[in-house]
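**Q** Turn these sequences into a full structure, and let the hints guide you.
In this text, residue positions in the sequence shown follow the working numbering: the first is 3, and each later residue adds one.
No wet-lab data here; the hints were simulated from the structure.
It cannot be assumed that every hint is accurate.
Cβ-Cβ distance ranges computed for the label pairs, FRET-style [claimed, not checked]: (1) Tyr330 with Tyr131: 45 to 55 Å; (2) Asn103 with Asp78: 22 to 32 Å; (3) Cys33 with Thr137: 14 to 24 Å; (4) Lys326 with Asn17: 15 to 25 Å.
Even for Gly, the Cβ is constructed at its ideal location relative to N, Cα and C.
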Amino acid sequence: MIELARHIEVLLLENDCVIVPGLGGFIAHYCSSKYNKETHEFCPPVRSIGFNPKLVMNDGLLVQSYMQAYNTDFPDATRKIKVVVEALKEKLYQEGHVCLNQVGTLYYNINGVYEFEPAENGFFTPSLYGLAAFTVQKLPFKPTMAIEPLRQKPAMRLPRHKQAYSYQRWARNAVAVAATILLFFLFSVPVKNTYVDEANYASLGSSGLFDAIRNQSAASCILSPVSQAAGGKEEQPQAQKKQVKNNVNTLKPVAVKTEKVEALSKAGQTARQAKKEANVSKVSSQKETVKTSPAVPKNGKASHVIVASLTNSADAESVVESLKKKGYTEAQTVVSQGRYRVSLYHYTDKAEAYKKVQELKKQEDFASAWVFTSK
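**A** What follows is the structure in structure tokens.
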């Protein structure tokens, strides 16, 4: 029993639950730090151990620990644990309690119920090592000094003669400013409305460009008929030049020449229709090809029903041959992490594998069967 308690203690350092087959499961709970107002004591966080007698299914964690300690196989380690558990239960029935070293004490009351009391000093946890409880006394309360509110001083009233003097000074300054503004407008330099030739200045807008284009087009329209008439008759006087004002609003829209395109010939239409039907048939055939393509399974994992776990391949092969002679044709060896496990069946669905394990456990030869999922 001391050895069993030692295995449970070591496994609880890295796991939150350790199940002892046929007895129950030991579960680690994390308790945060606490403060006691009465004693002013700060308690550090700890890991407390609990016990659940309903967790009796073998998860293989304790069995693997025994296998590594004794360098044995899975069935032998399971038998050793079974013997220790039976001895522990017998002691519980006789004495009513069993001490499991640093884990705690397990009790069996008159009602046939298991009770567990964890160790008083708390379970050892590497991440919480060195944290101990400490006490801090409160500082005495010192009343603060009362501060008197500031008293507002009454506003000082100026004498009447000083107020009259200030009003007179303000009126004199206002009259001076008004006179200065009036003189500025009376004697300022007159502004004349002069003419500015816009053709001598550069412009950043588009109005100058439109005016130049419009003037050039208007001049060409006026001069072209005059030049034609002058070529036919030499005695006709020259046409008078017309002035055009630079105004953007006089720009008129230009008529756009439209051309009609003749319809395609019947032969061209027939070829175009045939090409379109060929493209449609090609697309439809591609869609059918895509629809009929088989789906590729995404998950390649397999769930094996393990009935034995050995340390060398020779023993595993001999067990496989004996199982095949008994009629289990799917028996095979699964190698993983230096262990040679004998698989009786393998499934792609894990639920089916667990269902098969429940059926095999009814047989005495496969009472320790379990499920292993290969990656």
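**Q** Would you mind marking each hint as holding or not holding in the structure?
**A** Tested hints:
1. Tyr330 with Tyr131: 45 to 55 Å: Holds, since Tyr330 and Tyr131 (Cβ atoms, about 50 Å apart) stay within the stated range.
2. Asn103 with Asp78: 22 to 32 Å: Given range 22 to 32 Å: holds, Cβ gap about 25 Å.
3. Cys33 with Thr137: 14 to 24 Å: Holds: the Cβ-Cβ distance is about 19 Å, inside 14 to 24 Å.
4. Lys326 with Asn17: 15 to 25 Å: Because 37 Å falls outside the window, the suggested range is violated.
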